[in-house]
Structures are given as C-alpha cells and as structure tokens.
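Asks: Read top to bottom, the protein sequences are chains A and B. Per this note's numbering, the very first residue in the first sequence carries number 1; after that it's consecutive. Per this note's numbering, the very first residue in the second sequence carries number 1001; after that it's consecutive.
Mixed in with the good hints, there may be bad ones.
Straight-line Cα separation of at most 30 Å, DSSO-like style, residue types lysine-lysine; simulated pairs [to be verified]:
hint : chain 1 : residue 1 : chain 2 : residue 2
1    : A       : K84       : B       : K1046
2    : A       : K114      : B       : K1186
3    : A       : K114      : A       : K33
Pulled from the structure, derived: some chain B residues nowhere near chain A, Cβ distances all over 12 Å [claimed, not checked]:
hint : residue
4    : A1026
5    : F1035
6    : G1147
7    : L1178
8    : A1213
9    : F1215
Derived, one-sided and incomplete: chain A residues facing chain B with beta-carbon distance under 7 Å [stated by the list, open to error]:
hint : residue
10   : Y32
11   : L37
12   : I38
13   : Y50
14   : V52
15   : P97
Note that these hints are calculated values from the structure, not bench results. We treat Cβ as the ideally placed atom computed from N, Cα and C, and that holds for glycine.
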Amino acid sequence: MPDHHDEFTHTNPEIDVHAMGEVHEHPTWKQYKWVALILTVITVVEVWAYYVPSFVASPAFVPILLIMSALKFAIVVAFYMHLKYDHKIFRALFTGPLMIAMATLISLLFLFGKFAGR
Amino acid sequence: MATAVATHAHPATSTGLDHRKIAIWAFIGSECMLFASLISTYLIYKGRSVVGPYPHEVCDPAVLGAVKCPTKMNAILNIPVTSMSTFVLLMSSLFMVLALAAVENRGKPGYEGLLGSSKFWLMATAIAGTTFLGFQAFEFTSFVHEGLTIRTNLFGSSFFTLTGFHGAHVTAGVLWLLTLFAIDVKRGLQPKDALLVDISALYWHFVDVVWIAIFTLVYLIR
C-alpha cells in the first residue's frame, strides 16, 4: 500500500468539515485496519471463552465477556463512528441517552430480581 | 481545518453544525434507549420459560424428569453460525469507513484504484449486510423447525422480538446503502456529498454496535 493511502485527511476543499463536526482528522487507513483486526481478535477470544467449560463455570466469565463487549462497543464508536474526533455535541447526544439506557437496563434487572442470590 | 469552499453549505445554524448530522446522532441516542428496552426484556425473561426449547440449556428427561422436561432438546443457539455472522457485520463496518474515505478523498492522488472506489466499498458493505440477514434467516428458519416460534415461550417471544428488530434495522441500512450506490452509479458521489455517506455510515455502525451487545448478552452469556 503506498504511503499516500495512509493519509485519510480532509484537505479536500469541497468538504465542509466544520458542518460535519470534525474537530480532529479522522483515522488513517492503517488505523482502520488495526481497529478491524483488534475487533476480530476480541470476538475470537469471546467465542473461544464460550467453549472452555472451566472458564464458563468460573465467576469471572460474565464480567470478562461484558468487558470485552464494552471494549468492542467503545472502539467502534470512537474510531468507526469518529466520536473521538468529532464535535463534543455529538458525544453528548450519544453518551447522554446511552447512560440513560444503561441505567434503565440495570434498574430493571434489579427490579425484577435478576441479581438476587448472587 | 475548516474549508473556504462550501457551495453546498447547510443553512446557518446556531451551532455551526449541519442539522442532519445532529439529527442522526439524536436518532441514534433514541435508538439506544429502544434497544436497551428490548435487551432488558430479554434478560428479565431469561430462564423463566416454562417449556423449551431453551437457549443454552440442554433438556433431558432422564436428568431433569419428565414433568420439567417432557421431550429431549439440545441447546438451540448456534454459536458457530452466529460467530460467522458477527464477523461479517464487523467487516461491513470496515467496508463502510472505507466507502466514506473514498468519497471524501475522491480525486486525490492514489485514490483512483480499488481503495478509492466508493461504489465497490458501498456494494461490499451492502453485500455483507445482506449476508448477515441471510444468516439470520437461516437461524430463524432452523429455530422454527426445532419448535421455537415467537409464541412458544418467553425466550422465543423476547428473542425473536429483539433480533427481529435488529434485523429490520439492518434491512433498512442495506436499502440505504443501495440507494447511495445507485446515486454513485448515476452521477458519482463527490466530496461535497461526504455528509450523506457519513450519516448513513453512522447508522450502519450503530447497527453494528447493537449487535456487539446482543451477541454477548444473548448468545455468549449463559
């Protein structure tokens, strides 16, 4: 891959980067490749963990799977959805409802006794 | 970094940001709450089905007794197949960012080949999305053949509702991508159209992150 492919910058004068809310330059092709590789590796580890009976039986199984899932979620949002690079208003518009959604989910699980006896 | 040329510029806004991009983020925020409610419902009902088939549990009358488990059933979720569909959806997100980059960098040196072909990446994303839907159709069909429908038990109701809603979102995303592809074929997507692709990319990636959550919470955690 030639070097100029690694420059996914927005120097094109036809793009109104301000209207698109881009505060910093987007990731490069190399970074996108690494992101895809990391996401694949995490998914492979998740599936592998599912097939290890001793790990499935351990109390660490659920928390570790949740952490890996949250990591994948954050990587896609930060790099592919460019939230790491875009305007803070977009960050607020996403993280605000996401926090409400997660709080609602956890509250409902408590309310219906899903954590009882653990 | 802001540009001097903005002939396609959006109407003046108080934030200086295009309303369409603010709207898609607000929409995605609301979708977070929709899917949280569907996932909550699935998790609350998990393990409360009176009759099988069950997602992970093997039902064997010899072990559990004929009252609790009248017929022998294996765990119904097919993890290898779903792992493949998850991989396909993850790759579709990579194709989508490459489609956006191709549009944004149109005309720049080095973007004449495959890397700069937005048509190729848009179609690749749409094909990956359609493949994911194919996997889902296969899964749904095999579940029905094994006796699990939306009316069978609490697991069936919550599972088909959650994954069905997600599948509907993927379908909408594929149609959106095909529309962009048609525009690209007809007149060619130019850098000034980058926002249109950016908005569809945000929607597509959101569909991907929702699946990341579903895959772990529904398929992997027993």
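Asks: All the hints need checking, so say for each whether the structure fits it.
Replies: Structure-based check of all given hints:
Our distance criterion of 30 Å between C-alpha atoms is broken by K84(A) and K1046(B), whose separation comes to about 35 Å. Annotation: proposed proximity of K114(A) to K1186(B) is violated, straight-line Cα distance about 54 Å (limit 30 Å). Taking the CA atoms of K114(A) and K33(A), the gap is near 39 Å; set against the 30 Å cutoff, the hint is violated. With a cut of 12 Å on Cβ distances, A1026(B) falls inside the contact zone with chain A, its closest approach being about 5 Å.
Its beta-carbon lying about 8 Å from the closest one in chain A, F1035(B) breaks the requirement of being farther than 12 Å from that chain. With a least CB separation of 24 Å from chain A, G1147(B) remains clear of the 12 Å interface cut-off, as annotated. L1178(B), annotated as away from the interface, keeps every beta carbon of chain A farther than 12 Å; the closest lies near 20 Å. Once the 12 Å rule is applied to beta carbons, A1213(B) is inconsistent with being away from chain A; the minimum gap is 6 Å.
A Cβ of chain A approaches the Cβ of F1215(B) within 12 Å, the least distance being about 8 Å, so the stated non-interface status is violated. The criterion of a C-beta within 7 Å of any C-beta in chain B is met by Y32(A), whose closest approach is roughly 5 Å, and the hint holds. For L37(A), the shortest C-beta to C-beta distance to chain B is roughly 10 Å, which exceeds 7 Å, and the interface hint is violated. This hint is violated: I38(A) has a C-beta 10 Å from the nearest C-beta of chain B, more than the 7 Å allowed.
Because the smallest distance between the Cβ of Y50(A) and any Cβ of chain B comes to about 5 Å, under 7 Å, the interface hint for this residue holds. Evaluation of the V52(A) hint against chain B yields a violated restraint, the C-beta minimum of about 12 Å exceeding 7 Å. Because the closest C-beta pair between P97(A) and chain B is about 3 Å apart, less than 7 Å, the hint holds.
The structure is inconsistent with the numbered hints 1, 2, 3, 4, 5, 8, 9, 11, 12 and 14, although it conforms to all the rest.
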